[in-house]
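Per my numbering, the sequence shown starts with residue 12, numbered consecutively.
Derived from the structure by calculation, the hints contain no laboratory data. Mixed in with the good hints, there may be bad ones.
Quick list of in silico lysine-lysine cross-link-like pairs, PhoX-like style, CA-CA up to 25 Å [as the list claims (entries may be wrong)]:
id, residue 1, residue 2
1, Lys327, Lys406
2, Lys147, Lys347
3, Lys133, Lys147
4, Lys363, Lys327
5, Lys133, Lys179
6, Lys133, Lys208
7, Lys347, Lys406
8, Lys147, Lys406
9, Lys363, Lys347
All of these numbers come straight from a predicted model, not from anything done at the bench.
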Amino acid sequence: MESLETDVCVVGAGNAAICAALAARERGAQVTILECAPVAERSGNTRFTAGAMRVAYDGVDDIVRLVPDLSEEERRITDFGTYTTDQFFDDIARLTQYRADPDMVEILVKRSLDTLLWMRSKGVRFVPMYGRQAFKVDGRFTFWGGLAVEAWGGGPGLVEMLFAAVEKNKIDVHYETSAVSLLHDDDGVTGVRARRKGRTLEVRARAVVLASGGFEANAEWRTRYLGPGWDLAKVRGSRFNTGDGIRMALAVGASPCGNWSGCHAVGWERNAPEFGDLAVGDAFQKHSYPLGIMVNARGERFLDEGADFRNYTYAKYGRVILEQPEQFAWQVFDAKASPLLRDEYRIRQVTKVTADSLEDLVRRIDDVDRDRFLQTVREYNAAVMTDVPFNPNVKDGRGTRGLAIPKSNWANTIDEPPFEAYSVTCGITFTFGGLRITRNSEVLDNDGNVIPGLYAAGELVGGIFYFNYPGGSGLTAGAVFGRIAGTSAGARAVGSGT
């Protein structure tokens with residue numbers, strides 16, 4: 012059996028894991044990363060994201076700190092607004108129905124800007140999210156929904172920038188190396204047992220950071236914890252996020268925490284593959300539904316498409332789509348909305364139907380009750396409050412009157428050809444249940460005691476997200492707690508205080 016020694020062993024190679032590795036290296040620790048995927052699929056779900064990172068900022072000056080090459084012209088035509096720590100905290104509290112651990116949320120919110128600035132110091136570039144988070148109205152962009160910046164190059168760009176930092180800091184990465192169990196004795200966790208190309212590898216370490224993702228790619232665990240039908244969901248990202256880090260920690264007595272029956276799940280291309288496609292990335296998502304309506308196989312609307320900004324509803328609407336007959340829905344738009352649709356609606360791999368009449372559209376859809384669909388659209392059109400101005404940059408109050416399921420904002424009649432319909436199912440992003448940690452990212456056992464030498468960050472941490480999720484919070488949480496975990500693990504490994 013092969014063995015090696017290191018100061019800090021990080022399990023995983025996504026955003027949270029790399030932030031942990033870089034932070035541990037800052038403390039002077041020797042760091043070894045174990046990545047179960049091959050190089051071409053490294054970094055778990057991070058590679059599949061759009062790279063959006065929610066951050067608290069007090070105005071354009073903070074944005075300039077993150078994006079120092081922001082031009083004077085961009086500043087002139089853009090209203091970045093503010094997104095205060097109070098707003099960030101309130102958004103998470105509201106969307107999680109006030110179940111989120113307030114201490115963890117406070118850490119996430121108050122350290123968000125400092126953490127992104129730290130990532131900048133490691134070589135990560137950020138840019139404004141013009142293409143996804145701002146519409147141009149009267150010659151001026153206005154950012155909405157609390158999201159303003161993303162990593163340059165999206166998820167793939169973030170991965171490349173993080174790994175450039177890994178190489179610069181001389182951190183060892185072992186690919187195709189799957190962590191199997193934790194080495195553990197009366198003094199705590201002392202390393203990791205892994206399998207690399209069919210051979211056992213023991214990594215002895217003074218501290219271990221688990222950052223290997225949730226269990227979203229494990230169909231058996233999804234069905235066990237999320238419930239019946241979740242085995243039928245598409246997996247938006249990595250096929251390697253099967254809950255192994257959680258399993259290993261529970262086996263040594265770690266305390267489970269959080270919303271184990273909850274997850275981040277979105278409207279996703281109905282005919283997408285079982286797992287994420289690196290060539291397509293996150294473009295299988297279909298997030299312009301606030302501009303149209305969604306109908307199920309019965310030809311009926313089943314949710315309020317304009318209940319809130321997309322950032323605050325998309326992560327829960329995947330579950331609602333999964334609950335529909337045959338687990339699908341169609342998003343329907345007319346010519347007024349089509350110019351505003353996001354770029355993901357224009358990819359080649361899309362289930363799309365177009366027609367010059369609604370009657371022809373529903374005939375071409377062919378798996379929706381035709382008569383009920385036409386009745387649904389007629390009733391919806393008649394209910395639209397056309398006297399209220401339409402503005403996609405704000406919650407405009409342009410809703411419907413008299414419908415059993417209202418549309419609260421951005422309601423436009425669907426009456427101007429050509430008509431377009433896109434078929435979606437449920438795409439699961441990550442699971443919400445995980446491990447219980449301290450403010451220093453130490454893993455706790457079932458008695459509430461710290462498991463010496465064991466730290467956690469990223470998707471496999473529980474207690475932050477319940478039921479829903481503010482867009483862009485996942486990468487930020489991974490970075491914030493990854494940095495904390497690495498700092499704590501590095502301090503332990505080199506014998507200094509945190």
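Hints and how they fare:
no., hint, result
1, Lys327 - Lys406, "holds (19 Å)"
2, Lys147 - Lys347, "holds (15 Å)"
3, Lys133 - Lys147, "violated (33 Å)"
4, Lys363 - Lys327, "holds (23 Å)"
5, Lys133 - Lys179, "holds (9 Å)"
6, Lys133 - Lys208, "violated (32 Å)"
7, Lys347 - Lys406, "holds (18 Å)"
8, Lys147 - Lys406, "holds (15 Å)"
9, Lys363 - Lys347, "holds (17 Å)"
Hint compliance for this structure: hints 3 and 6 are not met, and every other hint is.
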